[in-house]
Amino acid sequence: MPKTHNRYFISLVAGAAMLVGTATQADVESTDPIILTLHDWTGQYITTTIMGRVLQEMGYNVKYQQADYLAQFAGLESGDLHVAMEMWETTGKDAMEKSLATGNTIDLGETGMRAIEEWWYPIYMKEKCPGLPDWTALNDCAEVFSTAETAPSGRYLGGPVTWGGYDDERVEALSLNYEVVHAGTDAALFAELESAYQRQAPWLGWVYTPHWAPIKFEGEFVEFPTYSDECYTDKSVGINPNMAYDCGKPRGWIKKVGWKGGEDKWTCAYDAIRKFTIDNQAMGTMVGEVDLDGKSVEDVVENWLNTNQDIWTTWTQCN
Amino acid sequence: MTKRATMRIFLPHASDHYRTIWIWIIFIVGSGLIAGFSQHWSWAVNFPRDWIVPLRFWISDFMEWLIKDLDFGLFTFKEMTRSIAWLLEWPLAVASGILVTGFSFSSDPTTEAVIPPLPWVALIGVAIILGHWMRNWKLALLVGACMTYLAVFGRWESAMVTLSAILIAVPLGIIGGLLIGILAYRSTTFGRSIEPVLDLMQTTPVFAYLVPVLFLFGFGPVAAMISTMIYATPPMIRVTMLALSRVPTESIEAGLMLGCTRRQLLWKVMVPSASPSLMIGINQVIMLSLNMVIIASMIGAGGLGFDVLSSLKRLAIGSGLEAGIAITLLAVALDRLSQSFATRKPKKQGEGKLRFHRHLIMATALLLGTWIISTYLPFIRTYPESWTITTSGFWEDLVKWINVNYFDQIEAFKNFLLLNILIPVKRFMLATPWIVVVAFVMLLGYRLGGWKLALLTASLALFIAFTGGWKKGMVTVYLCGISVVFASMIGIPIGIWAAHSERGHRIVQACIDTLQTLPSFVYLIPVVMLFRVGDFAAMLAIIAYAIAPAIRYTDHGIRQVPTQLIEAAEIFGCTRWQILRKVKLPVALPEIMLGINQTIMMALSMLVITALVGTRDLGQEVYIALTKADTGRGLVAGISVAAIAIICDRLIKAWVSKRRAKLGLDEN
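Same order as they appear, the protein sequences are chains H and S. Under my numbering, residues 20 to 338 are what the first sequence spells out, in order. Under my numbering, residues 13 to 680 are what the second sequence spells out, in order.
Don't take each hint at face value.
Stated by the list, open to error - Derived lysine-lysine pairs resembling PhoX-like cross-links, with alpha carbons at most 25 Å apart:
#1 K274(H) to K325(S)
#2 K325(S) to K112(H)
#3 K412(S) to K147(H)
#4 K82(H) to K594(S)
#5 K145(H) to K412(S)
#6 K314(H) to K665(S)
#7 K483(S) to K594(S)
#8 K274(H) to K284(H)
#9 K483(S) to K640(S)
#10 K82(H) to K314(H)
#11 K670(S) to K279(H)
By construction, these hints were calculated from the structure, which means they are not laboratory data.
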């Protein structure tokens, strides 16, 4: 990030002293830096770094900027930020649609990864609650999953309120004897999981993938009735005829979003970003290498670029 | 201190006493009536939804207009703020060029820098020389050790990113604060009108104005720097106003007699003679700026704050702790240097210059020397990664060990407090009719400070109700209230101990300095691992952060009890315990209450952080607004927090000045 703070300074010195000629870059439409946003989870860091490296290979200048997952739309709309590599259907769809409606941002297509978000338990809980992963077993095990505060109801640790997910509604619609506690941040969520896992203690909470948690900790997603759009919108659909949300969570796309103005400014770059795809498997492995084996994101990405040259070179062919 | 005043400690005025009792009886009966008829008067119990004023939408609309439509003719409002941001980006680019990136003179970021950044060896050396120049070898060693830590634990580059932002934000904050303070000192109207603004700046959570700042100044380090300045400048303004008004009149008269102009009088007489007090302000600006490092990194400042955040996202407790300690050490180094700069004894003219030259020459030689050598020996320029060490494994194992072996005991203790104290208090607070609470703060205000204060506290409380934050406001009061009670219960005895033992005093000082600069995120994750997500974990985090002033002011207050009083008590044959209980504590109580006041302020400022572990209070509201980029919602919730803070502050200060008057102590 700091690499580019001195842009203005550089241009001044370069202009005044005529020390260096024009940039020695390959012929790209514009050498203004393309600003990619970074959020706070490793997977997004990796996708963004891969894209950034590929754009650099094409001759573009790239700058990374830390920005909040949802607050970044303000920047994308005004052109302060240019590309966001991961917008999840499950958590960011509303914000993204709202932003697209302004006409200042554009949808740059899917990343090929599928987001799964669901209630999740560590594998050792299967012994204490044999009916799992079927959701109907949850009520029999409410006592097992309870804490002093929630007893006799079970305790389910949901994501931050801002993630949505309709867990409170789901508990009511499926008459689950559970209390939904919201974690505040995903760090707090996984801190609790880590703590429980160390003690092999009961834990039920919101886990998503691609993420390092389901790689580091062995466990399973609860199997709820399959999601459908109607289940969320139509009360009569599903097992509970009087309520919506009587099913699991949607599994969805992860998309790239960009500032509209960039399309004309860096046409080939945007084309490459559109072509970017990767699958859950490859991503999960890389996330594991970073978060569990302690390698640096840069090394892991470099390694991927070297072994997958045939993949990313197809993105760079601009037409 | 007169004899009569001493007597009054023990004998409150009788008629006053009865009036107080009557007022409270009326209040209690009234509350009982409302509770009894709650079915008929439901509007008095739960604040009616349709009374809520949609202030947050008005603010959001106003913001939208400001950004999209406001046009001054030649340029728009947004263009104006953006050019301010652009101006500020310059010094920041230079600073980070010197410390972090070097200057490459090419727009291609992959080329090697032509002028490399300062080598780490040189910076540590310069810090040591600076320490020696300002005071002595002890300071030089301390500063050198702090800087070496940054290199050895592999935090050098991040620390330099943070340092370059601090080096720009702090002087700007100091100069800005000084100028505004001088203006406020000169013009009473301006001074009076700026007071409430300063109150808001200091008590509104930073997250609340992060969104508008982002909108106006764009994403990146500059927006982070501007938020830092909003947060860190008010103490400087306050201190300047106070310090100038306390310049002895003799100095001013002497200056006038010598024929100073107004400007000369200010800069040559008043500012120098106020400088010891001004240093307190500078120290505060540095400390608060470093407090902001984490939050600033959320909106693109990078550096150590980002290291802390990203470590904790991976649950790498140890590495988060190391980065957090790096922030603390940076704060310690800057603080000690700035303090010695202030208290430096003026040298004899010739000697001082010579000494300065010697240090300057040494520093220059070091910079040039290492810079030339570093082109041949790269390890002098950048600290080699293989030389770094880490203790992170140890911390993770420690937390794991505690978790595996002691979780059940911890859980039992936690459940006891939760079920017997926290949950009942929360229920009580939420069940109390809003109108009773408003009446309560109004009555308190009336008793302590008359109608004016009553009007202020009541209208602030009504602000929270009418903008729709009542429920979350009460949860806030409950969480902060309980934390403050516990913090006082722990902090005051520690303060008393520190006041009676020199060694205790030193140990305690070091501990609370660390607690205050160590980012709370660092201990938030272990706390969640051991205590689960919820109010209890939040409470612990608040206590850890807010306990410092309770200790500090108690210590200070007891040390300031006049020795004559203690001697008199000894002559009467009081035991040590009696002296403490009957003399020292009552006399020090106003000071202790000011400490508790500060504790409350700090507890409220922790709210937004605790929202990250899942509380449901105004802090959460601010946090949600931040993630949704909702300016109005964030500001309204933020101002509600400020309203609670101001109510507490004014009530406590009114009580303190009443009490002080009773004790016959003067206002200062």
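Hint numbers the structure violates, sorted upward?
4, 6, 7 and 11
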